[in-house]
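Protein chains in written order, with my numbering: chain B, 1 to 373; chain X, 374 to 635; chain V, 636 to 983.
Just so you know, the hints here were simulated from the structure itself, not pulled from any lab data.
Watch out, some of these pointers could steer you wrong.
List time: in silico DSS-like cross-link candidates among lysine-lysine, alpha-carbon distance up to 30 Å [said to hold, decoys possible]:
1) V/Lys951 <-> X/Lys619
2) X/Lys424 <-> B/Lys44
3) B/Lys36 <-> B/Lys198
4) X/Lys619 <-> B/Lys114
5) V/Lys869 <-> X/Lys619
6) V/Lys737 <-> B/Lys256
7) B/Lys259 <-> V/Lys951
8) X/Lys619 <-> V/Lys943
9) B/Lys338 <-> V/Lys844
10) X/Lys424 <-> B/Lys4
11) X/Lys619 <-> V/Lys913
12) B/Lys198 <-> B/Lys4
13) B/Lys259 <-> X/Lys424
14) V/Lys844 <-> X/Lys424
15) B/Lys44 <-> X/Lys572
16) B/Lys338 <-> V/Lys951
17) B/Lys190 <-> B/Lys259
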Amino acid sequence: MQFKLTMEQEIIQKQAREFAQRELEPIAAQVDRDGKIPPDMTEKLVKAGFLGMLIPKQYGGSEAGVLNWVLVMEQLSYPACHCLEAMSNNIVGRAIALLGTEEQKERYLPLLAKGQVIGSYAFTEPGTGSDPKSLVTTARLEGDSWVINGIKRFHTGGHLDGPAIIFANVDDKTTAFLVDKNVEGYSCSKPFELMVGKGLETVDTRFDDLRVPKGNLFGEVGGGFNILFSITAEGRVMLAASATALAQAALDEAVKYAKQRTRRGVPIASMQAIQWLLAEMACRIEPARWATYRIAWLTDQGQDTRMESAMLKLFASRVAKEVADMGIQVHGSYGLTKDFKIERIYRQAKMFELTEGSSEVQRSIAAGSLLMR
Amino acid sequence: MNVIVCIKQVPVSGTVSIDPRTGALKRENVPGVINPEDLCALEEALLLKQKHGSRVTALSMGPPQAEGALREALAMGADRAVLLCDRAFAGSDTLVTSYVLAQAIRKLGGFDLILCGKQSADGNTAQVGPELAERLGLPQVTSVQRLEVYQERLEAERAVESGLQWVEARLPALITVTRRINTPRQPSVEAILVACREKEVITWKTDDLGIDTSSMRFLESPTRMAAAWVPEPRKREGEMLAGPTKEAVRTLLERLRQRQVI
Amino acid sequence: MTSSSDMKGNWEGRGMVWVFAEQSDGELARVSLEILGRGQELAKALNGQVWAILLGSGVTGLSEELIYRGADKVLLGDGPTLGDYDTSIYCRAVTDAALEHKPDILLMGATDIGRDLAPRVAARLGTGLTADCVALDIEQETGLLLQTKRGYSGNMILTFVCPDHRPQMATVRQGVLQPCPRDASRRGDIVSLSICPGQENLRLRILKKAKRAGQDSSPQEARVVVACGRGIGKLENFRKLEELAQSLGAAVVATKEITDLGWLPEGHMVGQTGITVKPELYIACGISGAIQHTSGMWGSGIIVAINKDPKAEIFKIADYGIVGDVNEVIGALIEELDGLKTGWGGCT
């Protein structure tokens, strides 16, 4: 058993780190404030090869695997800069590659790999949170099309051109559809103003008799949950990687601050109270990171990681929140000012306990799997 | 046109420490990166490849983990990568390093241009380039920040103490570059995967380089490290200079001169 | 290529220290005189002599100056082919002389020429070279030259020795060592060197030269940095600060309040939301020392703080502090530095 990154993984990780330092770090504070992402960001991500990592080679991707992708996501998340919506192409792309028809693969995968469209997925509705059974969006077959009616809430990237995976009930059977946005019947609201800053754009999307070609049925009627599990499994590992990165950023900021800030002539890093905070922060990050790598590796081996990824997200999201909180404490009141990175890390950290399946859902999933044995 | 680029894998800044038991530097299992100026040299070679269709060979002398640096060079676009790796090379100083590199370059065959970074981030000697040029009998142009290569000559812009200099040299030649010369490209994930999974890094040992028992003495480094220590993080002296302005200023300048900062 | 280790046993000249004396435009390089000064001390410790090796065209007159500055003998190469530095000719001249006289130690300035010449000489002679030394000493028991330098991005101090190969070579940067005081009563021999022609293919043709316009060093590369804070007051005072920076060859940076006024571009703002600098010397003028600023410069080598408030935070991280009117202090600094410049006495 080797607890070491391979040469290939190290190089990929290093390139991602350099990309983050060069392209994301300098603009992170600005993006948080005004949401203005450089228009060529997607192009840069494509050029670096980050968008096609989970898409098969024959469709223009690099098939780099989930572990390599997780290494990249971890590095790209470190600057706490929300401008990585295009990275969801990997999740959507992987789902299509595993569960789509040949026609769907050919139609969407090359475009996703090259960043020419941005993929997204939406399950949550105004009345429905993580509870899958209460979907209100419906779809019915009318001739050659499916007609979809409903609203999706907190649809991240729902306003960007590209395929959206929409979950709707067909006669009470949860089903997934690939919806091309910006067609008649598809409309978006303005983005929500979120705690996490302006960079992350999440909207309500509304379907009024939205017609979707028959060939856009994704999976089978009633097969929605399979699709959902596939997406969320990757989503959880990705979020765990991002959560770990944010926690690491919080720790690094806190250490830097503690060494510089003096009180009565000595750096506060020499005070036990601060030292204990830093230790508590560090000891949470180690297990979060290695559990993330392991579950990513398991996924690459083809194993079903539904339970593991739920436990992972539950744990890692809490790590991000707690470590960010401790990071602010180390900074004292300066942590409340926008001059310091820790302020933005704190606001972004809370998201992980809620998005893509709240911690409550993760607990239920984990418990369910445990008790089934 | 054949271009050879010498690269060195150096420890990530701040990761080298001293083994408390032996007093020697701990260099094993320390994360490594391609020396930043060597990366610029490699990028310059790749730009020449784009412009003139030249063949680029990346060459490195180092421990087994230096293979990572060469794989990165392949991912960036080098056509060939050669690692000179042998226990006998460990602990070599610049004279021996230049000897080994020269042997390898002679074995690689014809070349028109050798590119190196000016100096490494760990040794900071800026010696290997010129020593290599001497061994191979080549003209050298150091501290280059712009390069134009023609059929049998090159023109280079050098940064010197007094300002800038433009020089012309005949090919074949050896150039050392600084970071001002270009911004190295980033290899894509696809390129990295291909470089790691499909390409070959050629490894040569003493035998392959024609270094036999009779020439082993050329692997003995003239210089060796006698002592290494981490300077104590200097506690700020915090000396308040009292007295009338002129006096305080004179004392200050004296202190600064003593500490050799002005 | 002859390896000096082949001649290990035959290499006499123990205690002979050589200094390569650089010159340009008829003046000796300051660094060469500094090394000569130390060379004299090293030679004394070895019961030997220090020789200078001087190459150029029309430089015979400088030989005496070298003797006044501590050389016991000068090896002089004066001829039209040596007018401009040429790698091949200079390298050949130095190595031929070294093979003939077999010095124990050969030192050069870590200048453009030194960095070009020293490694070629070392490779040609097959000996060791340590570049950019911060100290040179003689080890008592062995008589070996201890060559000390900074390594690993300055995080470590390393000492090297060259036990079996000769000459032991090292280069030193300007400002590290001290020259001897000039003693016009000193006498010494001046010996002519025979100069071989250089190799044509090694020659570089200089197409164009341009002098550096002024200090355009980016703040993050500068060795010395002068920083401006709110305490400076008016724009005309800032001009004085710029003058101070110029006489120190320093880069100018500022706190956010100053760049907000537009006196300097944002890229010169040092602090939490700006750039981080780590110069050898950081002079903070009229800066209070709030952490938003200090987080960008606290790693500097030596920090000097000038502020009228004795309780200012900046004094807690400064090596030297002056409490007073910052503009008065700047004025006094400029005056004193001008005075220092004229005190050098005839060498660059």
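Now for the hints, and whether the structure bears them out:
no.: 1; hint: V/Lys951 <-> X/Lys619; in the structure: holds, 23 Å
no.: 2; hint: X/Lys424 <-> B/Lys44; in the structure: holds, 23 Å
no.: 3; hint: B/Lys36 <-> B/Lys198; in the structure: holds, 8 Å
no.: 4; hint: X/Lys619 <-> B/Lys114; in the structure: violated, 67 Å
no.: 5; hint: V/Lys869 <-> X/Lys619; in the structure: holds, 22 Å
no.: 6; hint: V/Lys737 <-> B/Lys256; in the structure: violated, 53 Å
no.: 7; hint: B/Lys259 <-> V/Lys951; in the structure: holds, 14 Å
no.: 8; hint: X/Lys619 <-> V/Lys943; in the structure: holds, 15 Å
no.: 9; hint: B/Lys338 <-> V/Lys844; in the structure: violated, 48 Å
no.: 10; hint: X/Lys424 <-> B/Lys4; in the structure: violated, 40 Å
no.: 11; hint: X/Lys619 <-> V/Lys913; in the structure: holds, 28 Å
no.: 12; hint: B/Lys198 <-> B/Lys4; in the structure: violated, 37 Å
no.: 13; hint: B/Lys259 <-> X/Lys424; in the structure: violated, 49 Å
no.: 14; hint: V/Lys844 <-> X/Lys424; in the structure: holds, 27 Å
no.: 15; hint: B/Lys44 <-> X/Lys572; in the structure: holds, 26 Å
no.: 16; hint: B/Lys338 <-> V/Lys951; in the structure: holds, 25 Å
no.: 17; hint: B/Lys190 <-> B/Lys259; in the structure: violated, 43 Å
When the structure is compared with the earlier hints, violations turn up for hints 4, 6, 9, 10, 12, 13 and 17 and for no others.
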